[in-house]
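Just so you know, the sequences run in chain order B and X.
Just so we're aligned, residue 1 is where the first sequence starts under the working numbering, counting upward by one.
Just so we're aligned, residue 1 is where the second sequence starts under the working numbering, counting upward by one.
Incorrect hints may have been included.
It does not matter which identical chain is used: a pair holds within one copy or between any two.
To be verified - Think about it this way: if two alpha-carbon atoms lie no more than 25 Å apart in a straight line, the pair counts; the simulated DMTMM-like pairs of lysine to aspartate or glutamate are: (1) 101 x 433; (2) 398 x 85; (3) 101 x 269; (4) 368 x 241; (5) 101 x 349; (6) 101 x 338; (7) 43 x 305.
I should point out that these hints are in silico values taken from the structure, not numbers from a laboratory.
Because the structure is a prediction, the values reported are computed rather than measured.
Protein chains: 2
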Amino acid sequence: MKLVGALSLFLTATSAFTVAPNGRPTSTSLSMSGVTRNPNFSKLAGGYLFPEIGRRRNAYLEENPEMADRIISLGIGDTTQPIPENILSGLVEGASKLGTKDGYSGYGAEQGKADLREKIASTLYNGLIEPEEVFVSDGAKCDIMRLQQMFGTGVVSAVQDPSYPVYVDTSVMMGQTGLQDPETMQYENIVYMPCTAENEFFPDYASLPRADVVYFCSPNNPTGAAATKEQLTDLVNTCKERGSILVFDAAYAPFIRSEGVPKSVFEIEGAKDVAIEVNSFSKYAGFTGVRLGWTVIPSNLQFSDGSLVRDDFNRVMTTAFNGASNIVQSGGMACLEEKGLEEINTLIDYYLENAKILKDTMESIGYKVFGGTDAPYVFVQLPEGQKSWDVFSDILEKAQVVTIPGAGFGPGGEGYLRLSAFAPRDNVLEACERLKVTMA
Amino acid sequence: MKLVGALSLFLTATSAFTVAPNGRPTSTSLSMSGVTRNPNFSKLAGGYLFPEIGRRRNAYLEENPEMADRIISLGIGDTTQPIPENILSGLVEGASKLGTKDGYSGYGAEQGKADLREKIASTLYNGLIEPEEVFVSDGAKCDIMRLQQMFGTGVVSAVQDPSYPVYVDTSVMMGQTGLQDPETMQYENIVYMPCTAENEFFPDYASLPRADVVYFCSPNNPTGAAATKEQLTDLVNTCKERGSILVFDAAYAPFIRSEGVPKSVFEIEGAKDVAIEVNSFSKYAGFTGVRLGWTVIPSNLQFSDGSLVRDDFNRVMTTAFNGASNIVQSGGMACLEEKGLEEINTLIDYYLENAKILKDTMESIGYKVFGGTDAPYVFVQLPEGQKSWDVFSDILEKAQVVTIPGAGFGPGGEGYLRLSAFAPRDNVLEACERLKVTMA
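One chain only, chain B, in its complex shape:
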C-alpha cells in the first residue's frame, strides 16, 4: 500500500500492514481483553434517554420511509432558531481573529477567560457572586459529570422524580448506587424526591432520607415547574440543616416570566452556604450545538473536613478539561452585551409562545397540562392507566410527532408526556393539528 501526499502526515508510507482492496483491515474478529468491565456500567438499564428516542424514531422511519418528510420533533429540547446578529458576530469574530497574529490565542485558563467570568458575575448575578467562583465550561451536562467526578463514589445523591436523566445516570456510572429495582424502577441508594401534581411538583426533601448531594432543577425539566421563593428558601434551609450540598440547575431560568420567582439560587439568602449553580447558554442563545455553560461554586463552601469544594472542582477542571473553545467564549461575551441580552429575550419570547400554543391545544382537547408558562416544556398528564412509552409510540405512529415519555425521566414521570417548545412555529402549529386528531 502506497500512501501519498498529505495522508503520510498521519500514516507511515512504508509500515502499514496488509489492507484489503477496499481499504479495510483484513481481520475484524472479536478480541477479548483481560480487563474487567466497570461493574457500574452493567447497572445502567438501557441507553441514555435521548439517543434512545432517536433510535426509536429511526426504527419507525426505517419501516415507514415515506413518512420521513412528515416527522415533527417535539422531543429533545433542541433549539431551532438561527443565532441572532449580535451573538453571531461574537462567534464569527472569535473565529476570524484566530487567523491574525495579534488575535490568535492558544490554551486559555481552564476555568474560562477572565473577561467572561467577570461579565457573568457582574451582568448576570449583579455581583452576588465573584468572578473566581465562576467556572466556564462546554455545557451543563458535562459539568454535572465533572461535579460527580469531584464528589466521587461515596456520596448519596437525591434527585427530583422525574428529572433530567443525567443526574441519576452519572450517579450510577460513578458507583454511588446499587442495582435498579425492576419493580419500582428506582436505583438503590438514590433518594428519589417525588414531584407530582399532588405536591405541585415541589419535593418534600425534609421528609425523605438525607442525601449528601441534592440535584434540583428549576424550572424543572421535564415538568416545567418553577419553584417559588418560599419553596426555594425552604429547600436551602433544609439542605443547610442536613449538611447537604444543593446542586441547582438553572439552565432554563431565563424562561421564567412570573413575578417574584427566583432565577438563581443565589437570590435566596444563605444559598452560598449550601449551593452550587449549574448553568448553560444552550437553550436561550441557541447554543445547543455551540457548547457553552458555567458552574458557580461559592468560595466559602466546604466539605466536612474543612477543605474547599471550589478547590477540588478547580482540580477537576484543570486536570480533566482544557477550557471551552475560545471561539465559543467570544460568542458568550456577545450574549452578555446589551444587544445580545435583547436577542436572547426575543428568542425566549418565541419559544414561550410555542409553549403557550402547545399548552392551549392540549387543554382544549381536555388534558390537564403543567409547565409551559415559565419553561419551554409542557408536561401533559395522561388519562389514568395509560403508559407513557405506549403513548409515545402511538403518537409517533399515528401523527409522526416525536414526544418524550415521562417515564424516561424517572419512575415519577410515568403517566405524563413531555412536549418541547423548541420546534419552529410552523411545526408546532402542524403538530398541534395532528395531536388534536390523535389524542382527542
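Fit chain X to the given chain B structure using the hints.
Only chain X this time, still in chain B's reference frame:
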C-alpha cells in the same frame, strides 16, 4: 435593589436579598457541609502541573514586575502561530452559517458529525478503521478522563515514566491508586514504566507487573521519543499476551518525519485487538484553544466478560458529553481537505525548525539532548546531581525563560528539562541566546 432591563432575565427584580453598595453579598463566612470530601482528591500531591508552572511564573513576575516584557515561554506546549487560511475559513463558515435558517444546527450526535467521523476514518486512517469507531471530542485531555470514567475504580494503570501528567492524575482521582510514596514520588498501584536514556526511552513492559490499562504516548511528551515499528509491535504483542488494553496517545504523531516510524498504533498488525487511540488537532492545526480531538475504539475490542469497550465508551460520551462544538467540527473538516493538510504540514515544519534550533543550541553548549526531531519537545539531560525544579527556577530568574522541569512528568523525569518548540521563532532565537549565557 432594583434590577433593570435585560438583567432581569437572570435575576428576579423583586426577590434579591440585601446586597452591599458595591454589589457584593453581605456574608461570605466559611460554611461547612456534611459532605465527606472525596478521599481520592486528598491523595493528589500539589496542583496540576501546568497551572503550577503558571503560578510560579506569576509569583516571579509579582516580585519582578519589570521583567514582564522580557519573559519567554518554552513551557507548556501551547501553539502560537495563527490558524492558516483554509482551516480558518472552515471555522468562520461554521460560525456564520448558524445565523441562517438553513445552516443552523443544534445538538449534533455526541460522537461527532457523521461527515467528520467518515473523513477521519478515510483520510487519516485510509480505511484502517471504521467511521463508527471514531468518537469526536473537545480534546485528548478530556477523552483521557472519559476513558478513566469508563474503566472505573478497579483497574490498574501503567504509564511511561516520565509522561503527560493527566494519566496519573486522573487515575488517582478515579480511586485506582493508593497514596504517593514521599521517597519514590510514585503512587501505590500504578505501574511506572521507566523511560530513560538507558533504554532509549522505550519501556520494557513485559518485565514489569501487569496492568489492565497501559498508557503510551508516541512521540512521547516530554521525552520526544518516537517508538519504532519493532518497538510498537512488541508492545502490542505484549499487551495482547497479558490481556492489557493499550491506550495509545498519538497527539504528536504528525510531527514524526523519520522514515518508517508509525504514526498510528493501527499501523501495527493486531493493534485493533488491544488498542484504543487518542488524538487531537491541538498541536498541529493550532487548535489548543479551539478544542477538537478524537478517540478511536475498535468495534471488536472486548472486556473480559465479552461486552464491547466501544459500547461503554459510547455510554460515557452520550451521558456525560454533548458533542464538540459544531463550529469547531466545521474547522476539523477544513483541516482534512487537501489544502488544510498542506497548511498543517507547513505549521509542523515551522515548529520542527524551532525544535532543531533549540536542540542545536543546547548541544552546542555541551548538553546531551533527546527528542526534537520527530517531536515538538526537546528533552535536555541535566548534569548529574542537578534537580530539575531548581534548574527551572534558576533559568526563570536569570534568563526569564519558562521551561518545564522533568520531574513534573513523574519521578523518572528528574534530571531533565523539557523545552517546548511552540514559541514564535523570534522568541526561540532570543531564548537560545539567553540559555547559552545562563546554562553554559
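Hints and how they fare:
no., hint, result
1, 101 x 433, "between (55 Å within a copy, 24 Å between copies)"
2, 398 x 85, "neither (39 Å within a copy, 50 Å between copies)"
3, 101 x 269, "neither (47 Å within a copy, 43 Å between copies)"
4, 368 x 241, "neither (36 Å within a copy, 62 Å between copies)"
5, 101 x 349, "between (40 Å within a copy, 18 Å between copies)"
6, 101 x 338, "between (29 Å within a copy, 24 Å between copies)"
7, 43 x 305, "between (31 Å within a copy, 14 Å between copies)"
Hints 2, 3 and 4 from the list above are not met by this structure, while the remaining hints are.
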